[in-house]
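So you can see what is in the structure, the chains are spelled out below.
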Amino acid sequence: MRRTTAHRGRLTLVFVVVTALMLTLLGRLWYLQIVTGPSYVRAATESRVRSVVLPPVRGQILDVRGRPLVANETRPQVSVDYMALIHQPDGGKDVLTRLARALGRPYQEIADRARLCAGDMPRPCWPGSPYQPITVADDVSVRTALWIAERQDEFPGVSTALRPVRTYPLGSAAAHVLGYLQPPSPDDGPEGGPELVGRDGLEAQYDRELAGRTGIRQVAVDSTGKVTGLIREEAAVAGDTLVTSIDARIQEVAERALARAVTAARKRGEPADSGAAVVLEAKTGRVTAIADYPTYDPSVWTGGISQRDYEELPLVSAAVQGQWPPGSTWKVTSTAAAAKAGYSLRASYDCPGGYTIGGRVFHNFESAELGRMDMRRALVVSCDTIFYRFAEKMWQRDGGLKPVKRPKDPMQAMAREFGFGSATGVDLPHEAPGRVPDRAWKKANWERTRADSCRRAKTGYPETSDRRRAAYLKALASDNCRSGGIWWAGDAANFSIGQGDVLVTPLQLARGYAALANGGTVFSPRIGKQVVRQDGTVVRTITPPVVGKIDASRKTLRFIRDSLAGVPRAGTAAGAFEGYRFKRLPVAGKTGTAEAYGRQDTSWFASFGPVKKPKYVVVVVVSQGGTGGTTAAPAAREIWEGIAALTHDKKDKRKR
Amino acid sequence: MTALGPLSVRLPGSRATRRRAWARLAVFPAWGLVLPAAALSAIGLLLVWSATRNEPGSTLPQRQALSVGIGFALMWAVSRIDLRVLRAYVPVLYLLGLAGLVAVLTPLGRTINGSHAWIVLGDGLQFQPSEFAKAATVLALATALGEPRDGERRPGAVAVLLALGLAALPVGLIALQPDYGTALVFLVLTTGMIAVSGAPKRWFAAFAAAGAAGLLLVWRLDLIRPYQLQRLMVLADPDADPMGVGYNATQARIAIGSGGLLGKGLFHGEQTAGHFVPEQHTDFIFTVAGEELGFLGAACVILLMLALLWRGLWIAARSPSPFGTAVAGGVVCWLAFQTFVNVGMTMGLLPVAGLPLPFVSYGGSATISSLAAVGLLAAVNRRTRTQA
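Quick mapping for you: the protein sequence lines, in order, are chains V and G. Add 1472 to the 1-based position in the first sequence for our numbering, that's all there is to it. Add 310 to the 1-based position in the second sequence for our numbering, that's all there is to it.
In short, the hints are calculated from the structure, not lab data. Do not take every clue at face value.
As the list claims (entries may be wrong) - Below, in silico cross-link-like pairs of lysine to any residue (SDA-like), each with a Cα-Cα straight-line distance of 25 Å or less:
{"id": "1", "chain 1": "G", "residue 1": "Lys511", "chain 2": "V", "residue 2": "Thr1491"}
{"id": "2", "chain 1": "G", "residue 1": "Lys511", "chain 2": "V", "residue 2": "Gly1481"}
{"id": "3", "chain 1": "V", "residue 1": "Lys1739", "chain 2": "V", "residue 2": "Glu2113"}
{"id": "4", "chain 1": "V", "residue 1": "Lys1880", "chain 2": "V", "residue 2": "Thr2028"}
{"id": "5", "chain 1": "V", "residue 1": "Lys2021", "chain 2": "V", "residue 2": "Leu1817"}
{"id": "6", "chain 1": "V", "residue 1": "Lys2087", "chain 2": "V", "residue 2": "Gly1481"}
{"id": "7", "chain 1": "V", "residue 1": "Lys1915", "chain 2": "V", "residue 2": "Tyr2069"}
{"id": "8", "chain 1": "V", "residue 1": "Lys1915", "chain 2": "V", "residue 2": "Asp1963"}
{"id": "9", "chain 1": "V", "residue 1": "Lys2021", "chain 2": "V", "residue 2": "Ser1771"}
{"id": "10", "chain 1": "G", "residue 1": "Lys511", "chain 2": "V", "residue 2": "Gly1701"}
{"id": "11", "chain 1": "V", "residue 1": "Lys2087", "chain 2": "V", "residue 2": "Thr2028"}
{"id": "12", "chain 1": "V", "residue 1": "Lys1755", "chain 2": "V", "residue 2": "Lys1812"}
{"id": "13", "chain 1": "V", "residue 1": "Lys1914", "chain 2": "V", "residue 2": "Ser1955"}
{"id": "14", "chain 1": "V", "residue 1": "Lys1865", "chain 2": "V", "residue 2": "Gly1814"}
{"id": "15", "chain 1": "G", "residue 1": "Lys511", "chain 2": "V", "residue 2": "Ala1492"}
{"id": "16", "chain 1": "V", "residue 1": "Lys1565", "chain 2": "G", "residue 2": "Tyr557"}
{"id": "17", "chain 1": "G", "residue 1": "Lys511", "chain 2": "V", "residue 2": "Lys1946"}
{"id": "18", "chain 1": "G", "residue 1": "Lys511", "chain 2": "V", "residue 2": "Leu1493"}
{"id": "19", "chain 1": "V", "residue 1": "Lys2055", "chain 2": "V", "residue 2": "Arg2071"}
{"id": "20", "chain 1": "V", "residue 1": "Lys1565", "chain 2": "V", "residue 2": "Val1536"}
{"id": "21", "chain 1": "V", "residue 1": "Lys1914", "chain 2": "V", "residue 2": "Gly1831"}
Said to hold, decoys possible - Here are the simulated distance ranges between beta carbons:
{"id": "22", "chain 1": "G", "residue 1": "Cys610", "chain 2": "V", "residue 2": "Gly1481", "range": "28 to 34 Å"}
{"id": "23", "chain 1": "V", "residue 1": "Gly1481", "chain 2": "G", "residue 2": "Ala398", "range": "28 to 34 Å"}
{"id": "24", "chain 1": "V", "residue 1": "Thr1508", "chain 2": "G", "residue 2": "Leu525", "range": "28 to 34 Å"}
Said to hold, decoys possible - Partial pick of chain V residues on the chain G-facing surface, computed with a CB cut under 7 Å:
{"id": "25", "residue": "His1479"}
{"id": "26", "residue": "Val1488"}
{"id": "27", "residue": "Gly1509"}
{"id": "28", "residue": "Ala1515"}
{"id": "29", "residue": "Tyr1815"}
{"id": "30", "residue": "Leu1817"}
{"id": "31", "residue": "Tyr1821"}
Idealized CB from N, CA, C, for every residue including glycine.
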């Protein structure tokens, strides 16, 4: 062994330390690459692959003749990447300030649109995912958009793109029917879906067809976000076009007529707070027009909406979500029920000014004493007392206050056959079901409200300043507490003329009248008619399904139809239809004036025409609008005149 | 045989025949050193090439190849020098090293990539004096520690104090740049050399105490910079700020971790191609190995380094002169510490410090001085053999 000067112990120590250090590195390497490797593979993919969502062009919504109700227009949009913004040292404030200046908008507006709708954040805010680009401006000039696009270094996280924007060629027409789009919320499914989804109306109902398929382009990027290659591309598929049965011209006529009726009613001092006009095809159940009042311009949805605008938007559609007692328009069902129960329609009945039931007098409208008449005249002049008598007799036959086990309730049964009391199933969301009250309903309702009624019977209504009203409400509460569950003869009487607890939507009334007009077929109305692909092939044709058949003789229905023909000529709507050219388009209808305590009357007019071969049904309602004859009937007349003019023009063209 | 017996490989044939075969191959006298160094340099070249493959017109691989060439030439030259001759020139080398460090602090010095450690002599010709100062300091300390008085086997107090003084000068100059990572390399190799030279344990303890006091002083005088503190914090919680201070560390771990067992293949690393790891061809070169060569390849890098270090220790143990032992020990400590800090940093074990991975990282000065250091080991080995 050779002699060396080295200190073995020290060298061994260094050897151990060096070896330990290198083994530590190996161990850590093993841990990183083998034990936790897969998670880093994922992280690497996430950092390297950018998915660019290729938004499809959303399908148009067309009217029955192919006129666009909702179309698309390409506009430059400016979006910001929320995640990129919050990673800025100042949370993106600087970028947004510069962006606001470039767009010529106040900073606050841009900043508000770029925040997330979490919790109670007031609008405008971004209801979508923070990983989707947030559109902050979509009415940017091409020049401005290019200017921003060229200065990516000044605007990190800001992108510009040409995007299709929904446009509404007819302005506010059918706004509620068409609905609107909103960025998807997390409930709408996983990320990577469309940028906007239908939130109401047809846009929501036919969202899947209209939306098309979102394309995706996955690109490889480097650390600066520069695209280095294409990994996968799936082109977007444009959405299908929805052809509706809406006739844009009739729709416009209906909107105008409704707005005019509301204005006129207000001039007369009525509140006229809302209203609707519905035009159906009597024989098919297709919707030709739905007008709502108040309405709004659907283009406010484009590009984010301010909190104030949002709160003030009348988003509820009176036509499908509004419910009112139908008033005398209801008498068609009561008449059919009476005929089915054995009362002759041609027999002569007395129509006194008042009819006493259970010690209480139920009056005709304005207590008019009208003498003896048949049912035809009873409908034309809208006699109430004849229906009170029918209702009381039927109520008695069902056992009166001690009802038989299975009461026949002929009037309720007929009302249900007309389609009342359940949603029509129209292709619109949030439809109201209406209400056909009967003994069972009243009992259930009483049980629901008894505790409250009994409390109110004791305490009264001290918060109500009107003392008379407070006293009335207290008496009512006391009544309801004691015997609110009993279906009195008076309830039956009120029901027979469409007052009290009956509720219908304008669309329900329209389909009921369509059933009357077409001989008894009850449809589930449809607005959509066809779904057509971009290349023109028809994906599917939508036909309104038949959901019921009125069990009344054809004679009865014809009798009622013929009777209603007298209403605009010589009955309660004669004033409104004065000078109307019945020869051109004969119209039959029924006025309705539904009373509500503490509110003005609901004004109804339900009509169909031509009388012999009904093609259309027109229903107009104006809430708190006065009598049916003064407010709703003139609007209906205007719509009928519009329809007549349009069909007349068409005939002229054909002749040429 | 030595105490490090397991390191010496038994080859077939008698010792004598093996020697003769060896001698015929002995252009370089120590293949056990040269092979790992050459393998690491070759891997380094490939990795630098891979890391810069998406930069059109990049001449970095060629420049690195040139550095490796120069480094090997220098290695060969140094290995041929007789240690006793070399020893005579140590004062000159040491002063030259110091002069370089001083020059950095004069207007000649440049700041490149945030560290004021460079001297630029012309277009594209730049070097880091601190890299060469490492070798010079190793030699200077070995001179101080490796000449025990007759009859003594350990360096005395004067020798240790002299060594500390010789080390303090470059450490101080480098701390002024400031480059604490490199300064730490000097401290570690000084400690290692004092230990290897056989200095009494009390010196050791005193040195450790002084180091601790120095650290405390740095802390108390707020000499530590905010970014350095942040680097330490990021180590404790790597995900605290993945887009800010922790970005390097996070991206480095993603690149290495995603390599798996076999890696994505040389030139096929997607993270590398996307330049997700900053400074990837220099301080973070190990991430390319991790991603593209996988665990097997990256472990090879560490094992090659370990083989070199073991060989260096073997040489230190066999050196007949304390000077040779001290030189070899110093080089081993230098390379081991720098490797550990660099690789540990890329894998999130240690805070981010700007130290290159010897032989592998891009960088002329570091590559040349590391290879020259291998030449020093070979020189010590040659003396060992010629004396045997």
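The hints, checked one at a time:
| no. | hint | in the structure |
| --- | --- | --- |
| 1 | G/Lys511 to V/Thr1491 | holds (22 Å) |
| 2 | G/Lys511 to V/Gly1481 | holds (12 Å) |
| 3 | V/Lys1739 to V/Glu2113 | holds (23 Å) |
| 4 | V/Lys1880 to V/Thr2028 | holds (20 Å) |
| 5 | V/Lys2021 to V/Leu1817 | holds (21 Å) |
| 6 | V/Lys2087 to V/Gly1481 | violated (111 Å) |
| 7 | V/Lys1915 to V/Tyr2069 | holds (22 Å) |
| 8 | V/Lys1915 to V/Asp1963 | holds (12 Å) |
| 9 | V/Lys2021 to V/Ser1771 | violated (41 Å) |
| 10 | G/Lys511 to V/Gly1701 | violated (61 Å) |
| 11 | V/Lys2087 to V/Thr2028 | holds (19 Å) |
| 12 | V/Lys1755 to V/Lys1812 | holds (24 Å) |
| 13 | V/Lys1914 to V/Ser1955 | holds (10 Å) |
| 14 | V/Lys1865 to V/Gly1814 | holds (12 Å) |
| 15 | G/Lys511 to V/Ala1492 | holds (22 Å) |
| 16 | V/Lys1565 to G/Tyr557 | holds (23 Å) |
| 17 | G/Lys511 to V/Lys1946 | violated (102 Å) |
| 18 | G/Lys511 to V/Leu1493 | holds (22 Å) |
| 19 | V/Lys2055 to V/Arg2071 | violated (38 Å) |
| 20 | V/Lys1565 to V/Val1536 | violated (49 Å) |
| 21 | V/Lys1914 to V/Gly1831 | holds (21 Å) |
| 22 | G/Cys610 to V/Gly1481: 28 to 34 Å | holds (31 Å) |
| 23 | V/Gly1481 to G/Ala398: 28 to 34 Å | holds (31 Å) |
| 24 | V/Thr1508 to G/Leu525: 28 to 34 Å | holds (32 Å) |
| 25 | His1479 | holds (4 Å) |
| 26 | Val1488 | violated (10 Å) |
| 27 | Gly1509 | holds (5 Å) |
| 28 | Ala1515 | holds (5 Å) |
| 29 | Tyr1815 | violated (83 Å) |
| 30 | Leu1817 | violated (83 Å) |
| 31 | Tyr1821 | violated (86 Å) |
Of the numbered hints stated above, those contradicted by the structure are hints 6, 9, 10, 17, 19, 20, 26, 29, 30 and 31, listed in ascending order.
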